[in-house]
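Colleague: Each chain is listed here by its residues.
There are 2 protein chains.
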Amino acid sequence: MTAISGKNFIAGKRSATGSKTIQSLNATTGEALPFQFSQATTEEINQACEAAAEAARVFRKVSAKKRAEFLDAVAAEIEALGLDFVDTVCAETALPVARIQGEQKRTTGQLRLFAEVLRRGDFYGSRVDTGLPDRQPLPRTDLRQYKIGVGPVAVFGASNFPLAFSTAGGDTASAFAAGCPVVFKAHTGHMATSELVAGAITRAVEKLGLPAGVFSMIFGAGVGEQLVKHPGIKAVGFTGSLNGGRALCDMAAARKEPIPVFAEMSSINPVIILPGALAKRGDAIARELAGSVCMGAGQFCTNPGLVIGLQSAQYDQLLADLGQHLNAQAGQTMLNAGGLRSYVSGLEHLKGHSGVQHLAGQPQEGRQARAQLFKADARLLVESDPLLQEEVFGPTTVAVEVTDDAQLRAALLGLRGQLTATLIGESEDFDAFAWLVPLLEERVGRILVNGYPTGVEVCDAMVHGGPYPATSDARGTSVGTLAIDRWLRPVCYQNFPDEALPEPLKRANPLGIKRLVNGSVTQEPA
Amino acid sequence: MTAISGKNFIAGKRSATGSKTIQSLNATTGEALPFQFSQATTEEINQACEAAAEAARVFRKVSAKKRAEFLDAVAAEIEALGLDFVDTVCAETALPVARIQGEQKRTTGQLRLFAEVLRRGDFYGSRVDTGLPDRQPLPRTDLRQYKIGVGPVAVFGASNFPLAFSTAGGDTASAFAAGCPVVFKAHTGHMATSELVAGAITRAVEKLGLPAGVFSMIFGAGVGEQLVKHPGIKAVGFTGSLNGGRALCDMAAARKEPIPVFAEMSSINPVIILPGALAKRGDAIARELAGSVCMGAGQFCTNPGLVIGLQSAQYDQLLADLGQHLNAQAGQTMLNAGGLRSYVSGLEHLKGHSGVQHLAGQPQEGRQARAQLFKADARLLVESDPLLQEEVFGPTTVAVEVTDDAQLRAALLGLRGQLTATLIGESEDFDAFAWLVPLLEERVGRILVNGYPTGVEVCDAMVHGGPYPATSDARGTSVGTLAIDRWLRPVCYQNFPDEALPEPLKRANPLGIKRLVNGSVTQEPA
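Taken in sequence, the protein lines are chains A and B. So the number in my numbering is just where the residue sits in the first sequence, counting from 1, plus 7. So the number in my numbering is just where the residue sits in the second sequence, counting from 1, plus 7.
Treat the hints with care, as some may be off.
Each pair may be met inside one copy or between any two copies, as identical chains are not told apart.
Stated by the list, open to error - Dumping the calculated BS3-like pairs for lysine-lysine here, alpha-carbon to alpha-carbon at most 27 Å: (1) Lys73 to Lys27; (2) Lys236 to Lys263; (3) Lys72 to Lys521; (4) Lys68 to Lys382; (5) Lys214 to Lys14; (6) Lys287 to Lys382; (7) Lys14 to Lys287; (8) Lys263 to Lys214; (9) Lys20 to Lys358; (10) Lys513 to Lys263; (11) Lys287 to Lys72; (12) Lys236 to Lys20; (13) Lys521 to Lys382; (14) Lys214 to Lys73; (15) Lys513 to Lys68.
In case anyone wonders, no lab produced these hints; they're calculated from the structure. Just so we're clear, the structure is a prediction, and the values are computed from it rather than from any experiment.
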């Protein structure tokens, strides 16, 4: 395997001044991997944050074109990580080789997509209101606006996407695109992976001649608090549990200077199976749903944790079929022992509830997660029972049977905010259940028709967000190009001489970008 | 004067079930006006919030065209408020008639500008990524995104703009434009004014046949807490003091479901006078600056509270001239007795500081505010002395003399976040001090050249925002069309049948709006 030093990345230097170390484990066997990581000290964290604050001044003025080259360079470096790298990720996460290779492509694709965003220039949000010297009763002076980075971003990676939502994942890529340095807190579940990716980023920083403070990465348990509280940090990106995310939000809000946090936290992703589809293709739905529930051992933010259908013989049949598929699933190794413990405990909570029955699934025992199917009384949803609202991270789903449209409506009104909701239906269903769409819009970030929520496309139109507790701020997304907006803020220039204006606002429009000029979108000089 | 009932506006009904009343005062004499207002009860506040939550479901689906008609109707109703109305505002605020007439125009102009935004459709942020069924290794499904309102917004009006930042002011107009109902907390400084404007809004709600819950207004002291904590409220807009704004932010962050707050709070708006301009037109600058400091008794968020210049005979002369202008100013009645007390106390803090000297200004006594000029040691800025960072709301400014560029830089680095910063200079100054712009960009929302920060244009390019404590979230603005973004969140539609898509996302583009389709802006069907 590739050499791993276990040292923190502090603004281009490797540092391990602390005495505490954390062991990397083989996710499949639970045995120690030959890697130990040095927990970042207070001093190291301060150095990283101060270097980021210093680098922000330079980095945000680096042209979007050069920032795009930087993102492309990071992608190329990650692509160049060899088979050893994939082996390391697989050892730390128990995810299969094909999945990691796919995730590697997704990660590089994401970096390159943000490079495209930088080249096309709409992220600037350039707006121009030209002077109206003869306006009565008062003239209007020339006013111009565009968006700049908010400053250094602290990013907390997810356990379940060791590449795409981690060191060089979506939060980091969007922050870099916005011109914001990143101080990354490596997840303890894949520290060797993180070190290899951090090395790739560091090489790209050096190659482009950017300030070293543009990227730092710290290891450790419990070191996130200091990071979020450091005055040099101006925003936070997080993917993980509701408890963890909320704690960071509370810390950020309590700072002397509060800062925005985008935390993607908890979602059970209801799938609603409508009668027309059920009658026509219940078999296929049961099979596809089982595939989505079990994909990646159910360790996806968008895993369908709740299936809702109207009381009928066909729905009973669907649940029976779904149960058979889940019974037939082989056990799957989870990302880490803590994940398995949480899964087992989540299953026990479900089994222990009087309103929940266990429908299918092999006994949960040993080191692997077994797929499970439960059925809960609709009243638990209607009454917003907390048990049903909580994500059980793993290959399980809870079915709910509603008696009629009124109960379906009441059940959905009892749901908390979600990343996704899915409608499985035929065209007659969409006529009869048209009222579902506005109701779901208020509760979720993405509504799917005849698909499954796992598998999140990285593109302009994607929303991986939603009302609390799906995320901490429904106005953002952590996947897709709109993710950059979380790290941008507008600045206005009034009556500026042309030579002092930033490029995206100069009268000649030298970047050739589309701008909102006096209320109309145009590429013309103004 | 117009009849005033003193009752709360609860979703179209007038309600005064509580026993506590609050007296409206004549701002000039301090005497009671013949109006008493019923403090909203817990029950009334709950009714308003619940009606808003209910109305949100309907209002956000009302077409943008009809919402534009609503905003136009509110503007027309406010325009129709007669001279009695202006008299009432003047009595409550001591602001002159011409100012109130101007502010009335500004308020209606603002409403109509948001109507234009709704008609042109860029606020939707429509994005389309069409399906790629043949893509390898996986097809891409059709994905579409646009923005919808976050839900009911609690708005807290400012004392200093009884119309433009109050009942039907920028926060309300932008929330309505976004399709969000508003529960407005009337400022106790101009409750009769608020009642008359709330009546205008209510008539427009009725005229357009909108749900009554689209607008409510409550009176009271200390009732804001319950409003911000109500689960039906999904965002907060506030203009006022740092203490008040921060308290609301803390409450919103501590909710079971935290919600975003945009609070515009505190700014001292530094004006930097560069040597070339000083040499060439020091006289004029002193006169203009005195005008900006004293305008509206200094009761503007963007009042220039800090003047910075490089040590020189010309700068001494400018301060002498400025002092003369301020000495010559007549006393001005402030918005209310509390404002005058705060002003007097702010002056006393300045006078009591060993690093601050009083340069000019008639003795502060009686019922009117007297313009004052102070001079502070540059080290107070360099060391971020809290005294100099705090806004003294009224016609006063503090001058600072720096020895050289290095001290100027250090002084500016010591500044907290600001709404504005101003550079007064000649073209040679902008060459020599080009380094100032990037430094200020990091600290302020708007940078002006050769102008004065008072007078905030309402247009697309305006930013009335800035890093904390100027606002609670540097990513927003409370003036200008971008203000609508604070109340919008994206929703994504995956693989939707065309008939189930919202209008801004339908394949034929029936609204004819510009959309980001597969990475390019176009009006073509897609």
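Colleague: Determine for every hint whether it applies to the structure shown.
Modeller: These are the hints, each one checked on the structure:
Taking the shortest Cα distances, Lys73 and Lys27 never come within 27 Å of each other, neither inside one copy (39 Å) nor across copies (63 Å). Proximity of Lys236 to Lys263 under the C-alpha cut-off of 27 Å is found in both arrangements, the shortest distances being 9 Å within a copy and 22 Å between copies. In the homo-oligomer, the alpha carbons of Lys72 and Lys521 lie at most 27 Å apart both inside one protomer (16 Å) and across protomers (25 Å), since each shortest distance falls under that limit. Taking identical chains as interchangeable, the C-alpha atoms of Lys68 and Lys382 are never at most 27 Å apart, the minima being 56 Å within one chain and 35 Å between chains.
Only within a single protomer do Lys214 and Lys14 lie at most 27 Å apart by alpha-carbon distance; the minimum there is 21 Å, versus 68 Å between protomers. In the homo-oligomer, the alpha carbons of Lys287 and Lys382 lie at most 27 Å apart inside one protomer (23 Å), although the nearest pairing across protomers, at 82 Å, exceeds that limit. Proximity of Lys14 and Lys287 under a CA criterion of 27 Å is satisfied in neither setting, with 58 Å inside one chain copy and 58 Å between copies. For a Cα distance limit of 27 Å, the shortest separation of Lys263 from Lys214 qualifies neither inside one copy, at 37 Å, nor across copies, at 46 Å.
With identical chains, the CA atoms of Lys20 and Lys358 are never at most 27 Å apart, being 51 Å at best within one copy and 50 Å at best between copies. Proximity of Lys513 to Lys263 under the C-alpha cut-off of 27 Å is found in neither arrangement, the shortest distances being 36 Å within a copy and 46 Å between copies. In this homomeric assembly, Lys287 and Lys72 never come within 27 Å of each other (Cα to Cα): the closest approach is 52 Å inside a single copy and 40 Å across copies. For a Cα distance limit of 27 Å, the shortest separation of Lys236 from Lys20 inside one copy, 23 Å, qualifies, whereas the shortest one across copies, 47 Å, does not.
Proximity of Lys521 to Lys382 under the C-alpha cut-off of 27 Å is found in neither arrangement, the shortest distances being 53 Å within a copy and 46 Å between copies. With identical chains, the CA atoms of Lys214 and Lys73 are at most 27 Å apart within one copy only, with a shortest distance of 11 Å there and 54 Å across copies. Within a single copy, Lys513 and Lys68 get their C-alpha atoms as close as 15 Å, which meets the 27 Å cut-off; across copies the closest is 39 Å, which misses it.
The structure is inconsistent with the numbered hints 1, 4, 7, 8, 9, 10, 11 and 13, although it conforms to all the rest.
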